[in-house]
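Chemist: These protein sequence lines map, in sequence, to chains W and E.
Quick note: the first sequence uses the UniProt record's numbering, first residue 1, plus one each step.
Quick note: the second sequence uses the UniProt record's numbering, first residue 1, plus one each step.
Do not rely on the hints blindly, as some may be mistaken.
What the hints assert, rightly or not - Here's a subset of chain E near chain W, in silico, CB distances under 10 Å, partners left out:
| id | residue |
| --- | --- |
| 1 | F51 |
| 2 | Y77 |
| 3 | K80 |
| 4 | K83 |
| 5 | S85 |
| 6 | Q87 |
| 7 | P92 |
| 8 | K146 |
| 9 | L211 |
| 10 | P212 |
As the list claims (entries may be wrong) - Computed footprint of chain E on chain W; a stretch qualifies when at least three of its residues, placed anywhere within it, have a C-beta under 8 Å from a C-beta of chain E:
| id | stretch |
| --- | --- |
| 11 | 54 to 62 |
| 12 | 65 to 73 |
| 13 | 151 to 160 |
Because the hints were derived from the structure by calculation, they are not lab data.
Glycine included, C-beta positions come from ideal geometry on N, C-alpha and C.
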Amino acid sequence: MENSYEESIDKRRVHLRPDTLRDPAPVSLHLLPCEVPVNRPTPVGRFFTPAIRLGPDGLEASFRGRSLRGEEVVVPPGFVGYVMTEEKAEVLVGKQNDHEREEQELVEPPEALERDFDRFMGATASFSSFTVWGLESIPGPDAKLRGALSWPSLAAAIHAQVPED
Amino acid sequence: LTAESVRLSWALAFLRGASPLGWEGAIYLFNMCLPQLFEIKVFKEKNRSWFINESVQSGGLLHFATPMDPLFLLLHYLIKADKESFQGKFQPLDQVVMDDMFPDCILLLKLPELETLLRHVTEEKEIDKKKYYKYSKEKTLKWLEKKVNQTMAALKTNKVNVSARVQSTAFFSGGQVSSDKDEDYVRYAHGLISDYIPKELSDDLSKYLKLPEPPASVQNPPSKKAKLSDEPVKAKEDYTKFNSKDFKTVKKNSKMTAAQKALAKVDKSGMKSIDSFFGAKHVKKK
Chain W
1 MENSYEESID
11 KRRVHLRPDT
21 LRDPAPVSLH
31 LLPCEVPVNR
41 PTPVGRFFTP
51 AIRLGPDGLE
61 ASFRGRSLRG
71 EEVVVPPGFV
81 GYVMTEEKAE
91 VLVGKQNDHE
101 REEQELVEPP
111 EALERDFDRF
121 MGATASFSSF
131 TVWGLESIPG
141 PDAKLRGALS
151 WPSLAAAIHA
161 QVPED
Chain E
1 LTAESVRLSW
11 ALAFLRGASP
21 LGWEGAIYLF
31 NMCLPQLFEI
41 KVFKEKNRSW
51 FINESVQSGG
61 LLHFATPMDP
71 LFLLLHYLIK
81 ADKESFQGKF
91 QPLDQVVMDD
101 MFPDCILLLK
111 LPELETLLRH
121 VTEEKEIDKK
131 KYYKYSKEKT
141 LKWLEKKVNQ
151 TMAALKTNKV
161 NVSARVQSTA
171 FFSGGQVSSD
181 KDEDYVRYAH
191 GLISDYIPKE
201 LSDDLSKYLK
211 LPEPPASVQN
221 PPSKKAKLSD
231 EPVKAKEDYT
241 KFNSKDFKTV
251 KKNSKMTAAQ
261 KALAKVDKSG
271 MKSIDSFFGA
281 KHVKKK
């Protein structure tokens, strides 16, 4: 039944294993300007990375014969980048606030939050920067990604507590 | 799996599901240790993929977990309860914060300083050491005004870094070339805040701030969507119309009802949002 299917999705929690946030290995990350419609291991270090050159306007590389220009992008200040893997091996790239690194010293959990149908994920790697690639040219200052990366500073203002009268 | 990892796994939970803000499939991250609420937004652009070490990952999604003011969520329940059942009566909080669609909302009651928070938007009464609350629109508008001001300040600060983008991609409504007019900042800040509050309240706030009617080309202030992607509309109830697109992350693939289909056809031209902040290129109107 459609409804119960929906409900079970709604009520499922995804638990993040905090211990995995402690010190995941650094990861090499490239954001490509094209959609590769598969998720699987691929010999990046054999074909892609060795071809990266530092040209007059940034990094140069090629993928499937097309020329790419790229540059290093840093994670917003106060944030850490994580690559998350769900237990059924779906990969997400997550960014968690630095704070979360601090509260690993868990006292007793207030109640059992886990349920049978819940899912779990953990960080498999971390990053503080990644390389963003554009086709032929570096993604400019107007790139969507730039806007997205400044979201945390705006979010901080929207959600900061206001003083009481 | 060590015993410890099992124990620790309780510490954080992603809460997903229809959110009280009307975003179907919104994701919150609740930190059980602090405890603290985070909101997760997803950056998604067409034709992107990741190389992650020695693997390829399609989609190129980038998730952001940023701290969220829980009062926005609480407010929603307070307003709803006030309107539907309690009508101006004082109520204990555990009778207000209830949600079939989003049962995890009770976690909100675990937040520290809840009482301090609620003082911004409710009146309270103490009877037999139990607190009772009542939604106060006046207080809420005052609180929201402060939020707008503080967001405005951040916009101004940010503008220093993003001025090029401000000029070129309709950071402000309607694709107009931005000016330094405070009015533009107020309107934009109002739009950002409106993503977190019911439409009705957003309109009231607009009046409260004495926001002038936007010029014709900007009929809909930058408040409408909480979406970062091109997913079809999946709005659920009326008040969610202004959040007419949802987050990308939770693909529900559910069939749309007739009403939802109708909603999907709602003319969104001129609507601007956080979305435009995320850089969608709205350059058509010059």
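Chemist: Now tell me if each hint is right for this structure.
Modeler: How the hints compare with the structure:
Look at F51(E): its Cβ gets to within about 4 Å of chain W, closer than 10 Å, so that hint holds up. Taking 10 Å as the C-beta contact cut-off toward chain W, the hint placing Y77(E) at the interface is violated, the least distance being around 17 Å. With a cut of 10 Å, the hint placing K80(E) at the interface with chain W is violated, because the nearest CB-to-CB distance is about 18 Å. The restraint placing K83(E) at the interface with chain W is violated, with a minimum CB-CB distance near 23 Å, outside the 10 Å limit.
With a cut of 10 Å, the hint placing S85(E) at the interface with chain W is violated, because the nearest CB-to-CB distance is about 23 Å. With a least beta-carbon distance of about 26 Å to chain W, the hint placing Q87(E) at the interface is violated under the 10 Å criterion. Interface restraint check: P92(E) against chain W, minimum CB-CB distance 19 Å, threshold 10 Å, status violated. For the restraint placing K146(E) at the interface with chain W, the shortest Cβ-Cβ distance is roughly 4 Å, inside the 10 Å limit, so the hint holds.
Interface hint status for L211(E): violated, as the beta-carbon distance to the closest one in chain W is roughly 17 Å, over 10 Å. Taken as an interface hint, P212(E) does not check out: its beta carbon lies about 23 Å from the nearest beta carbon of chain W, beyond 10 Å. Proximity of the stretch 54 to 62 of chain W to chain E, defined as three or more residues with a beta carbon under 8 Å from a beta carbon of that chain, is not established by the 0 residues found. Counting residues of the stretch 65 to 73 of chain W whose beta carbon lies closer than 8 Å to any beta carbon of chain E gives 0, which falls short of the minimum of three for the stated coverage.
Only residues whose C-beta sits within less than 8 Å of a C-beta in chain E count toward coverage, and the stretch 151 to 160 of chain W has 10 of them, enough to reach three; the restraint holds.
Consistency note: the structure conflicts with the earlier hints numbered 2, 3, 4, 5, 6, 7, 9, 10, 11 and 12.
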